[in-house]
Amino acid sequence: MKNILKIAFGIFLILLLIKSSFALVGVAITTPELQLVPGEQARWGIEIQTVGLQDPLLCTIDIHKTTPLEVTLDTPSPIRVPANERFPVYAAISVPKNTPNGKYTETFDVSCASLGETSGSGSSVKEKHSNLPIKYEVVSSFTRPNYTVPEKPKTPPAPEVVLAVIVVFAILLIIMFTYLRKQKPKKKR
Amino acid sequence: MNKKIFLISQIIFISILIIFLSINVKSQTAVTGTFTTQNTRPGTPIDMMIQQHSLNSSDPVNPNSKIDFDHADYDNLFQTNPDDTLGMDTHMVYNSSAPTGGTLLWWNASVDPESNAVETLLCIGTDESVGTGIADPAFTPDSLPATIAARCDIVNKFVRGNGIAVTAGSSNPRASKYQFASLASENKFYYGLGGTTPNTFGIKMYGHELSTPDDFISLTGYFASVTLLNSKPYRPYNFTTQDLVLGNMNNQNLNFTHSPVPIIAWNLTGIDTGTIGEHSDFDPDNGTWADHFPRDVVTFRIKINRTESPDLSYLIARKDDTMVYNDTPWTPIAALDWPSSTKLGADGYAMTNYSFEIEARDYVASNVLNNTGWFSLYDFIPIVKQVDMSDTDSDPGAGITIVPHLCDTRIAGPIVGPCRITAVRKDNVQKLNFTIVTFDKDNDCQVPSQGLLSHSPSPPLKNFSATLNLCNYTTSGPASCSSASASFMYKASKLNTNGSLTTGASECNFTLFISPILDTADQPNINLKGTPPFYVRVADPTNFPPTTEFFLWANVTSHSGLLRPGTGGTPPPANPEFKWQYSGVTAADLETRSYLLVGLVTNKIKLGGSGSIVLNSWNIGTTLDDEYNLSNYGNLVLDVRWSSTNPTCTTPGTCGVQQWDLASSFIAGDTGNNLDIDDDNLVSTPSVEPPVSSTTGRLTPVELLNLPTTALFRPITGSVAGLWRCVGARASPPTCINPSTGAAVLSTFWPIRPINGLSPGTYESQIQYDLTPIASQPTALT
Chain A
1252 MKNILKIAFG
1262 IFLILLLIKS
1272 SFALVGVAIT
1282 TPELQLVPGE
1292 QARWGIEIQT
1302 VGLQDPLLCT
1312 IDIHKTTPLE
1322 VTLDTPSPIR
1332 VPANERFPVY
1342 AAISVPKNTP
1352 NGKYTETFDV
1362 SCASLGETSG
1372 SGSSVKEKHS
1382 NLPIKYEVVS
1392 SFTRPNYTVP
1402 EKPKTPPAPE
1412 VVLAVIVVFA
1422 ILLIIMFTYL
1432 RKQKPKKKR
Chain B
357 MNKKIFLISQ
367 IIFISILIIF
377 LSINVKSQTA
387 VTGTFTTQNT
397 RPGTPIDMMI
407 QQHSLNSSDP
417 VNPNSKIDFD
427 HADYDNLFQT
437 NPDDTLGMDT
447 HMVYNSSAPT
457 GGTLLWWNAS
467 VDPESNAVET
477 LLCIGTDESV
487 GTGIADPAFT
497 PDSLPATIAA
507 RCDIVNKFVR
517 GNGIAVTAGS
527 SNPRASKYQF
537 ASLASENKFY
547 YGLGGTTPNT
557 FGIKMYGHEL
567 STPDDFISLT
577 GYFASVTLLN
587 SKPYRPYNFT
597 TQDLVLGNMN
607 NQNLNFTHSP
617 VPIIAWNLTG
627 IDTGTIGEHS
637 DFDPDNGTWA
647 DHFPRDVVTF
657 RIKINRTESP
667 DLSYLIARKD
677 DTMVYNDTPW
687 TPIAALDWPS
697 STKLGADGYA
707 MTNYSFEIEA
717 RDYVASNVLN
727 NTGWFSLYDF
737 IPIVKQVDMS
747 DTDSDPGAGI
757 TIVPHLCDTR
767 IAGPIVGPCR
777 ITAVRKDNVQ
787 KLNFTIVTFD
797 KDNDCQVPSQ
807 GLLSHSPSPP
817 LKNFSATLNL
827 CNYTTSGPAS
837 CSSASASFMY
847 KASKLNTNGS
857 LTTGASECNF
867 TLFISPILDT
877 ADQPNINLKG
887 TPPFYVRVAD
897 PTNFPPTTEF
907 FLWANVTSHS
917 GLLRPGTGGT
927 PPPANPEFKW
937 QYSGVTAADL
947 ETRSYLLVGL
957 VTNKIKLGGS
967 GSIVLNSWNI
977 GTTLDDEYNL
987 SNYGNLVLDV
997 RWSSTNPTCT
1007 TPGTCGVQQW
1017 DLASSFIAGD
1027 TGNNLDIDDD
1037 NLVSTPSVEP
1047 PVSSTTGRLT
1057 PVELLNLPTT
1067 ALFRPITGSV
1077 AGLWRCVGAR
1087 ASPPTCINPS
1097 TGAAVLSTFW
1107 PIRPINGLSP
1117 GTYESQIQYD
1127 LTPIASQPTA
1137 LT
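Taken in sequence, the protein lines are chains A and B. Each residue of the first sequence is one higher than the last, beginning at 1252 in the working numbering. Each residue of the second sequence is one higher than the last, beginning at 357 in the working numbering.
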């Protein structure tokens, strides 16, 4: 069942990419070279600029993983990017504890597709920003402060999760109550 | 026996008495006696005294009470004087306002033995010899030479019949009097030279009997002298400026002022009277004691000289005898100013020195405290602590902070800290704004629109202004971002403080909003250049993403108008020069020939041109609209790689079995059934380039295949390949450089040679271009 859902979502995405065409964005690498201490997290970010566009986009960020860098986007890719905005994309980054000190350059791609309706005839055009760098230096201890990137906002738990917790808690209460009722007559005797 | 003797004695006495009376009766009848009386000269007027008055003085009758009263000073030839032994003297002059009018003279008039009417002939002259009579040897009691009368240049009542009448036999010995303030000549009744030399006048009086025909004058005249006295005002001392010394001044023992119209105070001294200390009055002639009425009005004249340029400023303060001098502002003739030679001290203060004189003057006499001291006009030149930059909204705090210790240009190496803001594709920064955070020890940040200090009158302080210079990289490097060489210079017109303007604030935040277009609204009267572009020279190609590096230098002027030097300037502390950069932006738009975004028009491009497509022949596009431009609207030079999916038929019901597989039909050169990208449509065969004289179409076309195969097709300018930055992106239409002169715009045409066998219909492919910043960004300007 789970696999079927994944495949269905993939097909939907492919259809979107095929249908959509022109999405010209700017990608600003807002974070300069960072220092990373192995095992510790840092923040990193870029900005997807849709200034002047009328339709929202669906953007895919593809980390090439050619270096030890582990990137966890705050919002998993693909990311819906509103039209006519400077949309920040943030991520937590880290390197494993055994990463040797040194300078590294990870690369990533950004490609966006419009979620608006296409019209006219002709060939569609797709833009891709390729091999954009994430420069970082692995150090044993920081020698300078890193560029400040906002922390990931703490999002409240999903309503269904909250509901599930409540239900579980209620069931537990019922079980305990039932158990206690069974125990009381024994004490009276 | 006794009775007999008594009786005989009585008889003898009576007999003798009868004889004596008989003899006398006989003589009277024989002799007539006569005598004659004569009119005699009147006596000499005597005992003159002059009026003295005092305010709130001890009552001679009741010393415990204070009263205003009139008393007199006598000619001490006759009586002991009440105030001194100097004879008649007074501080009152001809027109002084004694309670009863002008100064009074009293005397005892002449007494005539025959009780005839007598007048007093009175002469008062500036020549004291009038009184002593030494100068009038020709004078006889019955002659009054004109030479004598001429000397009566103050009061001339020395003409018979024009004297001062007295009532004969008056019981008041000083019934005669003369009161000044009636004759124009009396204005000579004044103080001596300089107002402090006692001036003595001669007085002579005669009694004149108003009888006819004798017209007698007293045999002797009365002569006296009267002296007018004046005291100098007390000499001021202890000159102080009232400004408190703020911060770390060099010498706490000196007087300082921060205001060019300082409040000045001083003390009064009794040095003239032998007593050091402050007096309640400014002048001994305060009206409350003998010889010192009336109260003098004292004026203080303050002269301040700039030590470098004497007599630059005169400041006059009138302080009458009722003023409280600390509370009364004084009217300046000229404010203190800052000479051009003023230097910034190592402690951050600018100072210039002034000397001073204070003169206390009672109109006729003065006392001067001169050139015995000096004071300093000071101003702390604000320090730029920090510059906040933002390009996001109107809140500078939401942007970046130029952190001095990270962005200082004296820190070697590339910018790695937070000293960067994000450029926006196809534009300059839209909402660039700055906050210049300064520190001013003087606590008096102000700009014209926000009023001046609570000082009356308002001191003509120069206003604070903040200037922000942005400079492109120059070969001379940092410390060159002066206002003279700045690429962009802005003036902050808005000032926020963290405190009240009236009480001052040590931190002054100047905010500055810069429009991307030239706009005079926020920055009047300055060199406007909009926001700085983000596509200029790359300073450090090794700092990938290599972006523009700018220098920033902010400076704030205070009341002195002086500036702190830039980095490397002397003396320290200087305002630091910061470096900052734009973040790298990749952006390239494929647009129509008229620079309309393709995606906003048809969302598609026409392969092979807009005409009918002929199979197995080159369709290169022959109309103007068959051209599409790829422009680099970011700030990184880009490699551009192209690919295309296989064209597929999209017309329902017409598509045949035959499909166009680009990979299998590909043949290098013109002979294949290829989908090409070219930068011209000048010849029927794409690989044949236009003549050298042509201004476009220098690039050889490349064939596009399906992913993952991509073809590199981008401009090559000189030895540098890549799509360069479009400098004129903000212009409409953008003024990017075309491939013949530069490489910020790539013209694209899409020649296709479809394979035979394709069914009629509409075919679509998806063109993809990959933008990759070239590894080694060029250092040219575009």
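No lab work stands behind these hints, which were simulated from the structure alone. In this text the structure is predicted, and so the values were computed from the model without any measurement. We put the CB at the ideal spot given by N, CA and C, even for glycine. Accuracy of the hints is not assured; some may be wrong.
[What the hints assert, rightly or not] Example chain A residues on the side facing chain B (calculated, C-beta under 8 Å, incomplete):
| hint | residue |
| --- | --- |
| 1 | V1276 |
| 2 | R1294 |
| 3 | G1303 |
| 4 | N1335 |
| 5 | R1337 |
| 6 | S1375 |
These are the hints, each one checked on the structure:
| no. | hint | in the structure |
| --- | --- | --- |
| 1 | V1276 | 7 Å, holds |
| 2 | R1294 | 12 Å, violated |
| 3 | G1303 | 7 Å, holds |
| 4 | N1335 | 12 Å, violated |
| 5 | R1337 | 7 Å, holds |
| 6 | S1375 | 5 Å, holds |
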